[in-house]
Every structure is written in C-alpha cells, then in structure tokens.
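S.K.: Each chain, letter by letter, is given below.
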Amino acid sequence: MAERFTKSMARNIYLGGSTFFILLFLVLTFDTQSRAMPERDNRDQLTEEVVRGKHVWENNNCVGCHSLMGEGAYFAPELANVFDRRGAADSEVFKAYMNAWMNAMPTNIPGRRQMPNFKLTDQEINDLSSFLEWTSKIDDNGWPPNIEG
Amino acid sequence: MKYESQRVAMPYFIFALVLFAGQIVFGLVLGMQYVVGDFLFPEIPFNVARMVHTNLLIVWLLFGFMGATYYLVPEEAQTELYSPLLAWILFWVFAVAGTLTILGYLFVDYATLADITMNKLLPTMGREFLEQPTITKVGIALVVVGFLFNIMMTALKGRKTVVNIVLITGLIGLAVLWLFSFYNPSNLTTDKYFWWFVVHLWVEGVWELIMAAILAYVLIKLTGVDREVIEKWLYVIIAMALITGIIGTGHHFFWIGPPEYWLWLGSVFSALEPLPFFMMVLFAFTMINRRKRNHPNKAAILWAMGTAVMAFLGAGVWGFLHTLAPINYYTHGTQLTAAHGHMAFYGAYVMIVLTIISYAVPIMRGRPYGNSNTAQVVEMWGFWLMTISMVFITLFLTGAGILQIWLQRIPDSGEALSFMATQDNIALFYWARMIAGCFFMAGLVVYFGSFFIKGQASFDEEVRGAAIQDA
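In order, the protein sequence lines correspond to chains A and B. The numbering used here numbers the first residue of the first sequence as 1 and each following residue consecutively. The numbering used here numbers the first residue of the second sequence as 1 and each following residue consecutively.
Keep in mind that the hints were calculated from the coordinates and are not lab data. Glycine included, each C-beta is placed from N, C-alpha and C at the ideal position. Errors might be hidden in some of the hints.
The calculated DSSO-like cross-link candidates involving lysine-lysine, where the alpha carbons are at most 30 Å apart (straight line), are [stated by the list, open to error]:
id, chain 1, residue 1, chain 2, residue 2
1, A, K95, A, K137
2, A, K119, B, K120
3, B, K298, B, K137
4, B, K292, A, K7
5, B, K120, A, K7
6, A, K7, B, K232
7, B, K232, A, K137
Estimated spans, in silico, between C-beta atoms of each pair [what the hints assert, rightly or not]:
id, chain 1, residue 1, chain 2, residue 2, range
8, A, S91, B, T112, 26 to 32 Å
9, B, I435, A, S91, 24 to 30 Å
10, B, L85, A, I109, 36 to 42 Å
11, A, A100, B, D424, 20 to 26 Å
12, B, W406, A, Q123, 37 to 43 Å
13, B, W88, A, S8, 36 to 42 Å
14, B, L85, A, T47, 51 to 57 Å
15, B, W406, A, P38, 34 to 40 Å
16, A, R43, B, F182, 27 to 33 Å
17, A, Q123, B, E415, 21 to 27 Å
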C-alpha cells in the first residue's frame, strides 16, 4: 500500500466504518422487529398450543435432522411447509397425519434413514402440529420454490 | 518463547486437537449415515452425531482461540500473563464441562437431557449449534469472562499493540454476542432473527478479527516485516470485514420472515464479504514475498498461506456462489450450503488455529526455530492431505447440491422430486464425499504423527538476515 495511506487512516476507516454499520444494523433491526414483523409473522395467532409446540420441537432436537425455513440439518425433509405438503393445509387432516406418522416411527426398513420414536403424547403431537401450522403461515417472501421444500 | 507464562497455551492446544479428532470421527459417522441410512441406528441417531460433530468443532476452535491468545498476548504486551493459575483453572473447568456435555449428548436421550438440566427454567436448547444445556451455556459465558479478565489485565499492564487490541476486541465481541444464545423467544421468527446474532456475527464478524489478528502475529514472527506495515494491513482487513459483514447478516434474513428490503441489503453487502478474505490472501503473500528473514519453520509459513487461500475459497468464493437472493431462493438449505460451511470453517478457523499451533508449539517444546526437517515434511503431508480432501469434500457436496436443486427445487410442484427421492438420486456424490472424508482422517493421522518426530530446526537454516528483535 502507498505510503500516503497511513496506519491511522486505516484505523479511522475501521473505527468509523464499523461504528456506522453497527448503528445502521441496530436501526434496521428496530424497524424489522417493531414495524415489519408483526404483520408478517401472524403473532396474533401465536397461541399457547403453538408455544408449547415450539418447546416440543426444541426438546427433541428436531432441527438436528430436519430444516425449518431452510435452516437446520439437511438429512430429512423441510418442515416449514409440511402442513401444506402432508396436511393439505387443513388442521384436522394434518393432526391426523402427524399422529399416524410419529407413532409409526422408526420404519426399521434396512438401509433407509431412520427417524427415532420420540414417544410423544397425543397432546404433544397436537402442539407440535399447531407449531408447524403456524410456521407455515409466516410471510417468508414466498420460499420454498415448490411444495417439496 | 519470551515469557514463561505463555506455556499455559499448551494444554489448550493439546485439548483442541483431541476434540478435533473426535469431530472428524463423528463426521465420518454422519457421512456414513448419508449413504447407509440406518448406520448405528438406534444407538447414535443422525441428530446426535451431528450435534457432537458441530459442537466439538465450536468448542475446539474456542480452545484454539484461547490457546492462541494466552500465547501471543503476553509476548505482544511484553509482560507475563496476569494469572497463569486462573488460566489453568479455567482450562479444567471448560474441559470438564465440554466433555460432560458431549457425553450427555451421546448417552442421554436429548429430551431427558433437557429435563435433568432444567431447560424449563430458561429454555435455550434445541436450536442448531446452540444445543448445549443452558447450564453449559452459562459455564461457557463464565469461562470466557474469566479468560477475558485475565487477558485484559495482562494487556493493560504492558505494551499495547494493534494485534492485541484487535484480538481482544474480537474476543469481547465473541463474549457479548454469546449472550444472544440465552434469548429464545416463543415467536420463531424473532428467535431465528437473533439466533443469527450469535452465529453470523461470530463467524462472519468478530471471529474474522480474531483470525486476522492471529495471522498478523504469525506473519510478524515469520517474515520479520515491519510491524507498522502489518498493522496497517490488519486495520484495512478488519474494516472490510465489519463494513461488509454486519449488514451482510441480511443474507440470512431472506426466507425466515423479515421484510423484503433485506433481500437487497443482504445480497449487496454479503456479495462484498469475500473482500476481507481476498485482502488476507494479498496480505499473507505480500508479507512473505517481502520477508526480511527466512524462518526455518516452513510448515508454519505453509499453514499461514493455506489459511488465507482456503478461507478466501471457502468463505469468500463458495459463500458468494449462493448469496444473491434470486440464487439463494433455490439453493437455501441444500447440500450447497453444507459444501460452503465445510470449506469455510476449515479454511478460516481450523487452519488459523493449526497455523498458530504450527508456529507456537515447537517453541513451547524448546525448539525455537521449529521442528526438524523430517517433522515438518510429515506435517506438510498432513496439511496437503487434509486440505485437498476438504477441497474434494466441498466439490462433491457442491455436485450433490446442484443436482438436488435441479431435481427438487427448480421444477414446479407436482413435477419436482420429493426430498427423499432426490437424496436417493444423489447418493453417488455422498459416497464420493465419504471417501474424501476417509482421506481427511488419514491426513489428520499423518498430521498427529508429525508431533512425535524428534529433533529441531537450527538457526543456521535462517538464510537471509540475522535474527531480529521480533524473532
């Protein structure tokens, strides 16, 4: 680097640049969280059931195999739109599907990927279903591209 | 080694390497489960093996960063470490807590683990990379605070160099951002948004400060280039890292709920994120070209060049491949993401830790000019085997990802293959990745082997110039 460009100039770019962008990031975060998100995540439909379902999701480390809105592991199918894919976007159909599915695990088909049986109660399966249904309705800019997730 | 207390870095490096080996073993288990689905089921389900693989990585990198810090901060500050005893105590606390957590993952059912660690009181578990029981998270926070106290007391009483200031700024950032791991709101979109404050702002933010500072330190030592020059480069690199990386967080906000302006902000700023890594390549090669001395530790020089190049490829190029929103719409959450993750972590953070280990461990073992030539040749074999294997792992996962996108993402609903049908179609790439993984393991064994070869390099091998003050 040319000698005219001194160390203190480099330091000032670092300090000024990072301060500016940290502040900008905070402003954008405030706007995203306080103005934009309430309209996009349907938080008015965040029922007790949905909240309990999130804990079922977490306590069994579902994200260790599945992705949810594209985040997580890539070993098993995307679940943010499983309500549409397997439940035909109908709460009752989806809950019945979930109940049958969770209790049928593991398949024990030799050589196939296996999902453990988490021994969830009917109530827990219902809560989990509600959580996944709520998740499917978040405005996520139209992702994923198709029903397969 | 100028200060006796620098030696406390040694247990940190050794334990880091032990955990590294564990990480690779579980990587092989995962690779196998991708092709033989029921491998080790039900003893080690995929989610358990993955959690062990990723958490071991995070913990051993933290051990590596701490070892690097304990080694270089006293030397930069020209003073003994404030409290070697505290460093030893924290080592054992962290090692025991980390080991217990991993054993908990392996031998206790996850829901039971959440239960017995009283996750209910402050639920933080069950989120990717933040799977640790809340009590472990508290433990990590306490260890880091004690560590920072020790380091800052050391730095403040001595010479204040730019390397120390940047390194400690990065470590403070690491500690502060860790606090977001305790925030787990019941609204999934808010949870995900702030989850990235830990994950993205670590690896694409403050960790880059840590990496750049360690690289700068090693280059000062190995090349003898004037500190003023190196510090100027360091400032420019970290300026680029934060200017691009902070708003670059937006590339994670495309499809998880936040509004559309993040599509633009995230795309533009993260497209610039390769810049600091490109600067690191220029930095390393320019400094080595302008070297004032030929350091006999050639293996360490190789690691320093390697980490710059591989970080640029893995974090920079492979990140850019899928960071623009219109592309990411199709690639998000596919094997392409996995490809990028592997090479980026290896290139940037695994290799920078192995760089400082390559430089500092021989000195701590009483070999001030590095290991014997034979040991260095073996170490370099380890370097090439691991690095080339990682290139192939990345290429095979990229192939798998492109095919997955082609079959599962691009066609319309009804015509697209299902997730599992797609996985069957790309199995060949997973087999190839598995083979590359085995070569990586072989490289690791060779690398470990280099530590058991006796002898040291001599001062005579220094061809150009005399040993200088910063030797």
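S.K.: Against the structure, test the hints numbered earlier, and report the numbers of the ones violated in rising order.
M.R.: Violated hints (numbers, rising): 3, 5, 7, 9, 10, 16 and 17; every other hint is consistent with the structure.
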